Amino acid sequence: MVQWLLPLTLILLLVGTFWGLLVAPPDFRQGNSYRIIYIHVPAAVVALAGYYVMALAGAISLIWRIKMADIAMKAAAPVGAVLTAIALVTGAIWGKPTWGTWWVWDARITSMLILFFLYLGVVALFEAYENKAAAAKACAVLSLVGTVNIPIIYKSVDWWYSLHQPASIKFTGESAIDVSMMYPLLLMIVAFYGLFAVTVVMNMRAELIWHHRQSSWVRQWAGFE
Amino acid sequence: MYFESIAAAMDMDGHGVYVWLAYAITVSLLIGLLWVPARQLRVRKLWLIAEEQRRHASETPRSDATQPQDLAADVRSESVGSSG
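Protein sequence lines, in the order shown, are assigned to chains A and B. Quick note on my numbering: the first sequence kicks off at 1 and runs consecutively. Quick note on my numbering: the second sequence kicks off at 1001 and runs consecutively.
The hints are simulated quantities; they were obtained by calculation from the structure and are not laboratory data. Any given hint might turn out to be false.
As the list claims (entries may be wrong) - Capping the alpha-carbon separation at 27 Å, the derived lysine-lysine pairs in BS3-like fashion look like this:
hint: 1; chain 1: A; residue 1: K67; chain 2: A; residue 2: K132
hint: 2; chain 1: A; residue 1: K155; chain 2: A; residue 2: K170
hint: 3; chain 1: A; residue 1: K96; chain 2: A; residue 2: K155
hint: 4; chain 1: A; residue 1: K67; chain 2: B; residue 2: K1045
hint: 5; chain 1: A; residue 1: K67; chain 2: A; residue 2: K137
hint: 6; chain 1: B; residue 1: K1045; chain 2: A; residue 2: K132
To be verified - Cβ pair distances, simulated, as ranges:
hint: 7; chain 1: A; residue 1: E127; chain 2: B; residue 2: S1005; range: 46 to 56 Å
hint: 8; chain 1: A; residue 1: E127; chain 2: B; residue 2: E1004; range: 43 to 53 Å
hint: 9; chain 1: B; residue 1: R1055; chain 2: A; residue 2: Q3; range: 43 to 53 Å
hint: 10; chain 1: B; residue 1: S1005; chain 2: A; residue 2: Y129; range: 53 to 63 Å
hint: 11; chain 1: A; residue 1: V148; chain 2: B; residue 2: M1001; range: 39 to 49 Å
hint: 12; chain 1: B; residue 1: D1013; chain 2: A; residue 2: G223; range: 54 to 64 Å
hint: 13; chain 1: A; residue 1: L113; chain 2: B; residue 2: R1055; range: 48 to 58 Å
hint: 14; chain 1: B; residue 1: E1004; chain 2: A; residue 2: W217; range: 51 to 61 Å
hint: 15; chain 1: B; residue 1: S1005; chain 2: A; residue 2: V145; range: 46 to 56 Å
hint: 16; chain 1: B; residue 1: R1055; chain 2: A; residue 2: W105; range: 56 to 66 Å
hint: 17; chain 1: B; residue 1: V1017; chain 2: A; residue 2: F224; range: 46 to 56 Å
These numbers were taken from a predicted model, which means no experiment stands behind them. Beta carbons: idealized from backbone N, C-alpha and C, even for Gly.
Between the sequences and the hints, there should be enough to build the whole structure, so can you do that?
Here is the structure:
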């Protein structure tokens, strides 16, 4: 899967970045600073979706005790943390020329910061236990409790009026963004989903190979049999 | 192409610093995200190969026992995953 998805993802990222940075027109109000949208929004969207993936793996781990779910949860947490960090950092950089400040304690940004800590909490909790099954259980509970934060993040810009702009792309109704800006954005969102899948699968593979280092398929992978 | 020159694309009417900084940070973080598991896979493969050679060396102690063990020592000095 990685063999074809990784090159495809990298091509999409390159095309989307080129398109968004150099081809798309500037925003009539924000000028060129808006070009940060092409990394900020995809990172945030996939950070939120990735949390659901992690929490779903946590639920499967709790209910059916499937070891693969533990491994998926452990693989997704650091990727989600990095994507959330990207959304926060690029948002701060975008805020400076647009709002005149790097940071405001509004609902959207604060709930994203909580998401970052939730991801870090899962990463840390996995390392805190000697017993792997106990670690997976604690992480699954934390992931599931944390899902309450996700709809808050989604709705924060509608519930609380703040500096952060509301969503530009809508599934129902007309989007508040021109197609010349929307196509590269959609492309980048797809590319970030691809990147999430590739990195999670690579993390899972590294973990599985270590777990099953005595088994014949790992020996085959290393080229012995 | 929106910009007329490379200089204009760098400057972006004064916003270039912010935009390029945001992209530079993102690219380096994404490279890190891919690099960590790629390195882990490589190190673990080397460990497995060294382990295999160690096993062979202990089975036939007299035939070139030094060379595989040297390789194994090289690999062991690299970290092979903290917790496993």
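Hints, one by one, checked against the model:
no.: 1; hint: A:K67 <-> A:K132; result: holds, 10 Å
no.: 2; hint: A:K155 <-> A:K170; result: holds, 13 Å
no.: 3; hint: A:K96 <-> A:K155; result: holds, 24 Å
no.: 4; hint: A:K67 <-> B:K1045; result: holds, 22 Å
no.: 5; hint: A:K67 <-> A:K137; result: holds, 11 Å
no.: 6; hint: B:K1045 <-> A:K132; result: holds, 23 Å
no.: 7; hint: A:E127 <-> B:S1005: 46 to 56 Å; result: holds, 50 Å
no.: 8; hint: A:E127 <-> B:E1004: 43 to 53 Å; result: holds, 52 Å
no.: 9; hint: B:R1055 <-> A:Q3: 43 to 53 Å; result: violated, 30 Å
no.: 10; hint: B:S1005 <-> A:Y129: 53 to 63 Å; result: holds, 57 Å
no.: 11; hint: A:V148 <-> B:M1001: 39 to 49 Å; result: holds, 45 Å
no.: 12; hint: B:D1013 <-> A:G223: 54 to 64 Å; result: holds, 55 Å
no.: 13; hint: A:L113 <-> B:R1055: 48 to 58 Å; result: holds, 50 Å
no.: 14; hint: B:E1004 <-> A:W217: 51 to 61 Å; result: holds, 56 Å
no.: 15; hint: B:S1005 <-> A:V145: 46 to 56 Å; result: holds, 53 Å
no.: 16; hint: B:R1055 <-> A:W105: 56 to 66 Å; result: holds, 59 Å
no.: 17; hint: B:V1017 <-> A:F224: 46 to 56 Å; result: holds, 53 Å
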